Amino acid sequence: MTDRAFETHPLTPERWPDLEDLFGARGASGGCWCMLWRLRKKDWTAGKGDANRDALRARVQTAPPPGVLGCLDGRAVGWCSVAPRAEFTGLAGSRILSPVDDRPVWSVTCFFFRAGFRRKGLSVPLLNAAADLARDHGAEIVEGYPIDPGEAKYAASFAWTGFRRTFEAAGFREVARRSEKRPIMRRVL
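Letter by letter, the sequence shown follows residues 2 to 190 of our numbering.
Since no wrong hints were added, every one of them can be taken at face value.
Straight-line Cα separation of at most 20 angstroms, DMTMM-like style, residue types lysine to aspartate or glutamate; simulated pairs:
1. Lys121 x Glu8
2. Lys182 x Glu152
3. Lys182 x Asp149
4. Lys49 x Glu21
5. Lys49 x Glu88
6. Lys42 x Asp55
Simulated restraints, written as ranges between beta carbons of each label pair:
7. Thr63 x Val101: 22 to 30 angstroms
8. Arg96 x Gly117: 30 to 38 angstroms
9. Ala153 x Arg5: 26 to 34 angstroms
10. Ser95 x Asp74: 35 to 43 angstroms
11. Ile97 x Gly31: 21 to 29 angstroms
Note that these hints are calculated values from the structure, not bench results.
Predicted model only: the values in this text are computed from it and were never measured.
No residue lacks a Cβ here, since even glycine has one placed at the ideal position from N, Cα and C.
Given only the sequences and the hints, what does the whole structure look like? Please build it.
Written out as structure tokens, the structure reads:
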């Protein structure tokens with residue numbers, strides 16, 4: 002990690018310009034604006050770009066915040082999406098990521114880091130801040146769906162759901178695995 006102070010902040014309306022700066026003109030990844038799992042696939046695809054940005058901005062206007070920003074020297078360098086699982090309609094139809102049980106959980110679905118800030122040790126504090134946000138809004142369990150590449154090389158830019166090692170370092174434990182490379186991990190808050 003860098004020797005500069007890393008701060009985290011819930012994504013509130015006042016912090017929206019920080020997210021826009023972080024995501025840039027492309028909306029993080031090809032116009033996604035972190036709406037992939039919040040919308041039905043056809044709506045997400047149709048909304049790439051401005052519509053997805055507007056949908057996330059509308060979501061930011063309501064409570065609780067839909068995630069946390071990580072900042073260095075006052076500039077957003079990272080993002081982690083977290084919300085009640087029910088907000089992520091894209092998870093509803095997933096065979097691999099279907100609910101483990103009937104306990105209510107919050108889900109961490111996405112990480113995004115500005116170029117030059119990946120693999121700098123910032124994922125764990127950002128994930129911890131997301132878990133804190135969930136707890137502060139009544140969550141008892143937070144769940145994630147990271148990649149577990151094993152010994153294979155895996156580009157950090159494509160691991161937008163995070164890596165298993167990151168979740169383990171933040172106190173998450175594997176509770177299910179329906180795919181070789183995609184565990185479901187939980188942390189009881």
